[in-house]
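Novice: Mind the numbering: the sequence shown is residues 1 to 310 in our numbering, read in order.
To be clear, the hints were calculated from the coordinates, so they are not data collected in a lab.
A few of these clues could be false.
Claimed, not checked - Label-pair restraints from in silico Cβ distances: (1) D195 x I53: 38 to 46 Å; (2) L57 x T163: 18 to 26 Å; (3) A235 x L28: 35 to 43 Å; (4) A265 x D71: 48 to 56 Å.
Here a beta-carbon is modelled for each residue, glycine too, at the ideal position from N, C-alpha and C.
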Amino acid sequence: MHLIALLLGLTVERLATHFLHWRRMYWLDLAIDFGLHQTRHIRNWSPIFLVTILIILMVLPVFLVIYSFGDTLKGLTYLVLSVIVLFFSIGPKDLGEEIDEYCNAIMDDNNKEVKNTANALIEGKAPEDPYKCNVKVEEAICIQANNRLFGVIFWFVFMGSFTGSIGPLAAWTYRVTDLIRRRAISMKSSDGNFDNYETNICEAAVFLHGIMAWIPARLTALGYATAGHADNAIAALRSPVEDIDASLPKSSEQLLARVGFAALALVENEDETINERGVRGAMAAKKLVFRLLFIWAVIIAMLTLYGFTR
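Build out the structure end to end from the sequences listed, making use of the hints.
Specialist: Laid out in structure tokens, this is it:
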């Protein structure tokens, strides 16, 4: 059932995003921004507690829907609910579409659009040096694949293996933590008047997402070794270079970037231009992600076949 729900959810999400540009729920961004702004009025509360309350409030509607079905949430009803939740949980933007926009901007020599799409993938300011920007984008794709796709799938399947109704709720909870993290980072980068407390709110959002992303990040990094150049990726796994003082979320991002980039095994070609190198690297990262998605689908199918998941 999980595999069928995943396949249907991914298919519906892909078609709706490509043809109708659904799932870009800007109204949800407004709700998150409103919640984050309200924290400014209760500064004597713990930032972790406030962000947790915001997560609970956003997860509550899905919980109430699942709870209202009770024991009837099975079979076709469960399948439909799972597909709907997955449809809204994967993203918030289609990663493949965003990579294509980046590559098209490079080929069109549209430097402004290249910078905008690179900044969106990196979730920060892209390096000015074109080669460093290319590498940073390739690493960012490997990180975003976990944030937007594999993390959702992991929590949907893992928690669903214990109790079917919890799978969709866990997937949506992960999505909510990522949405809040993204909005907090975006508000911090766009607002130069952020004080220490608001910075702590942002760090709390990043930390809570990092907790949920920790396990899927390790599985995704291991998957890159399977889907890409195994020798390079395994060497990167065995030779951690993260700062020993790196935070939990930062260590996961560094791991995904290092192992994912190593798995690409890109050979520099002196005859190609920097733009051609940028397109080749981004497309290689995209193919790596979709190969890993296929591998995960096969693994989930095997787990279902042998009764380890539903």
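Novice: Broken hints, numbered, in rising order?
Specialist: 1
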